[in-house]
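Protein sequences, first through last, are from chains A and B. Quick note: the first sequence uses our numbering, first residue 1, plus one each step. Quick note: the second sequence uses our numbering, first residue 1, plus one each step.
Among the clues, some could well be false.
No copy labels: a pair is met if it fits in one copy or bridges any two.
Think about it this way: if two alpha-carbon atoms lie no more than 25 angstroms apart in a straight line, the pair counts; the simulated SDA-like pairs of lysine to any residue are [to be verified]:
#, residue 1, residue 2
1, K105, R23
2, K286, A309
3, K320, P11
4, K320, A151
5, K105, V174
6, K105, A129
7, K105, R175
8, K105, Q93
9, K320, A144
10, K105, A321
11, K105, P156
12, K105, N178
13, K320, N220
14, K105, E128
15, K320, A245
16, K105, R207
17, K105, F125
18, K105, D150
19, K105, T120
These are calculated hints, taken from the structure and not from any lab test.
There are 2 protein chains.
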Amino acid sequence: MRLATRAQGDPDGELLVVSADGRRCLAAGARWPNLLAAITRWDAAEPALRALDARLAAGEGAPLDAAELRAPLPRTWQWLDGSAFAVHAQLMQIAFGTQPIESDKPLMYQGMSDCFYGPTEPVPFSDEALGIDFEGEFGVVVDAVPMGTDAAAALPHIRLLVQINDWSLRALAVREKNTGFGFVQAKPACSMAPFAITPDELGAHWRDGRVCLDLGVDWNGRRFGQANGREMAFGFHELVAHAAATRNLVAGTVIGSGTVTNADYARVGSSCITERRAIEMIAGGKPATPFMAFGDRVRMEACLPGGGAPFGAIDQLVTKA
Amino acid sequence: MRLATRAQGDPDGELLVVSADGRRCLAAGARWPNLLAAITRWDAAEPALRALDARLAAGEGAPLDAAELRAPLPRTWQWLDGSAFAVHAQLMQIAFGTQPIESDKPLMYQGMSDCFYGPTEPVPFSDEALGIDFEGEFGVVVDAVPMGTDAAAALPHIRLLVQINDWSLRALAVREKNTGFGFVQAKPACSMAPFAITPDELGAHWRDGRVCLDLGVDWNGRRFGQANGREMAFGFHELVAHAAATRNLVAGTVIGSGTVTNADYARVGSSCITERRAIEMIAGGKPATPFMAFGDRVRMEACLPGGGAPFGAIDQLVTKA
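I would like the entire structure built from these sequences, with the hints used as guidance.
Next up, the structure:
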């Protein structure tokens with residue numbers, strides 16, 4: 001089942017159920033006005049939304065206007081972003097000139113959750129000198145997870161999967177990392193692809209708590225990366241358990257994978273610019289690729305091997321604030 | 001003006017205006033059902049709430065039942081905690097055995113905002129071995145602050161002041177700080193004192209963006225600290241500007257001072273246990289004071305020099321989850 005959110009003048013938008021081909025929709029209605037309300041009482045919401053999905057499968061529904069779509073969760077109570085791809089962490093240490101992080105536990109910070117940009121909204125930044133970078137990643141949306149839930153028990157709390165661009169300002173990141181307090185200025189609002197999907201939508205490509213799809217990333221119309229989500233050192237269920245170790249996770253919490261990176265990056269490319277710069281540093285001593293400029297576009301779309309983009313695409317313009 | 005939130009079966013509770021002596025209240029009513037709704041449209045809400053405050057001053061209102069009070073903001077969209085007392089940062093480096101942080105900018109991390117415990121709620125933790133500690137601090141609540149707002153322009157966005165206990169799990173903090181990603185497991189939900197107050201309530205004790213009051217902290221009935229809020233290296237307006245450098249701050253964002261600490265800690269004591277342990281390490285080579293045990297209580301109350309506690313008191317029991 002695919003869910004989306006339509007703009008209608010409210011901060012949370014209007015919840016839609018979308019047909020498998022992404023072309024038609026039915027509004028979820030007054031009882032489930034938005035996705036945050038639905039995920040808060042998912043056990044009751046899911047059957048109602050599945051019933052609408054069945055009607056869509058039978059041919060009902062109105063045409064979906066992609067231009068009206070916002071992030072499936074335009075805001076939520078909590079966003080915890082992991083960094084679960086080990087090769088990404090190694091390359092970032094090279095790019096940032098920082099020490100290796102000794103840890104047998106996931107890396108995770110809390111980021112801003114009061115705004116997720118929609119898939120085609122222009123994204124404003126104040127200055128190109130901030131080192132504007134994209135980070136293509138996957139995420140999960142959980143219902144309420146009690147404190148102390150272990151990884152096995154966390155898996156069924158993963159109700160929806162999402163695709164995210166975690167916008168990053170690299171000129172501010174090293175200082176913030178060196179404080180030990182994590183990223184505030186270096187991590188403004190993220191973007192989401194239009195469709196939040198139930199895990200069953202991916203069939204065998206949702207495996208071991210990982211989204212095993214290639215994430216195609218295009219920068220100004222040129223292919224930049226197509227790494228696969230399967231190489232996470234920790235599955236999403238392990239990230240959820242890590243996050244829930246000392247807190248109850250509120251329903252609607254989004255947990256991110258961190259930048260999708262593969263060991264075979266020479267072949268598949270990267271999902272963020274900083275990684276490519278690190279690879280250039282390894283090869284030639286210094287980075288060659290600049291960060292983004294105003295007017296640049298980035299497109300991100302995860303594809304099934306047989307075709308089809310279950311999350312839809314992020315396609316955004318970087319603008320001057 | 002003092003505001004409080006009464007439990008009534010809803011996650012956001014019911015907004016109350018409270019008399020200056022803290023004994024009577026009037027419900028804000030259906031238009032301003034909770035504080036998050038009011039701060040979101042503060043320019044419209046404030047006159048309505050001030051009108052109720054005038055009626056309270058004239059003797060109206062029902063008795064306030066302190067047992068019904070929750071945190072003034074039981075949940076909000078964003079909580080950014082600073083560490084603005086320079087002596088606190090220095091003592092924490094000694095306690096944690098970490099390197100000094102070189103920075104001319106404030107230290108700040110994003111913490112969980114989907115739950116603030118009320119002033120007398122028991123607070124559950126899974127294990128005493130986590131190093132259960134309190135952190136007495138002050139905080140501000142802002143209305144919507146546009147990205148790029150400077151410190152001078154940030155000051156009038158500070159609409160309310162609050163008093164916070166930032167619960168901390170010290171056994172988990174050093175690892176998280178060393179990752180550079182900030183605190184997730186080490187910082188579970190915080191608590192708030194019962195009253196959020198407008199800055200004018202403090203008169204001259206709200207000065208240079210600082211709450212210039214002694215924060216009395218009692219652990220199991222014995223005075224532990226009474227440091228004054230005036231010694232922040234950065235005022236709250238500077239913390240707000242730091243937070244807003246690259247993001248719009250959503251209305252209802254709470255920004256914290258970090259643990260209240262004074263240079264004269266030998267006389268005034270501390271607002272968290274870890275600091276006392278660092279002072280013991282300086283004096284005798286090793287810490288002597290243990291962290292909190294199940295069944296312990298901590299009480300925090302900021303007092304005006306002439307008497308009176310404008311925020312009310314936090315008084316909580318630590319329990320086994």
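Subject >> Same-copy or cross-copy closeness of K105 to R23 [CA-CA at most 25 angstroms] >> reply: Neither, since 41 angstroms and 49 angstroms both go past 25 angstroms.
**OP:** Have a look at K286 and A309 and pick one of within, between, both or neither, based on CA distance no larger than 25 angstroms.
**Re:** For K286 and A309, neither the intra-copy (36 angstroms) nor the inter-copy (59 angstroms) Cα distance is at most 25 angstroms.
Subject >> Intra- versus inter-copy proximity for T120 and K105 (alpha-carbon distance at most 25 angstroms) >> reply: neither (35 angstroms within a copy, 34 angstroms between copies)
Subject >> K320 and A151: within-copy, between-copy, both or neither at 25 angstroms Cα >> reply: This pair counts as between: shortest inter-copy Cα distance 22 angstroms, intra-copy 42 angstroms.
Original post:
When no copy is specified for K105 and R175, does a C-alpha distance of 25 angstroms or less occur within a copy, between copies, both, or neither?
Top reply: both (23 angstroms within a copy, 10 angstroms between copies)
Original post:
For K320 vs A245, is the C-alpha pair at or below 25 angstroms within one copy, between two copies, both, or neither?
Top reply: Between copies only: 14 angstroms across, 40 angstroms inside.
**OP:** Have a look at K105 and V174 and pick one of within, between, both or neither, based on CA distance no larger than 25 angstroms.
**Re:** Close inside one copy (21 angstroms) and across copies (13 angstroms); limit 25 angstroms.
Subject >> 25 angstroms Cα threshold - placement of Q93 relative to K105 >> reply: both (17 angstroms within a copy, 23 angstroms between copies)
**OP:** Indicate which option fits the pair K320, P11 if close means a Cα-Cα distance not exceeding 25 angstroms: within, between, both or neither.
**Re:** within (23 angstroms within a copy, 38 angstroms between copies)
Original post:
What label fits K105 with E128 when the C-alpha limit is 25 angstroms: within, between, both, or neither?
Top reply: between (34 angstroms within a copy, 21 angstroms between copies)
**OP:** Check K320 against N220 for me: Cα-Cα at most 25 angstroms, and say if that holds within a copy, between copies, both or neither.
**Re:** within (17 angstroms within a copy, 54 angstroms between copies)
Original post:
For the identical chains here, do K105 and A321 meet the 25 angstroms Cα criterion within one copy, between copies, both, or neither?
Top reply: between (37 angstroms within a copy, 23 angstroms between copies)
Checked against the numbered hints above, the structure breaks hints 1, 2 and 19 and satisfies the rest.
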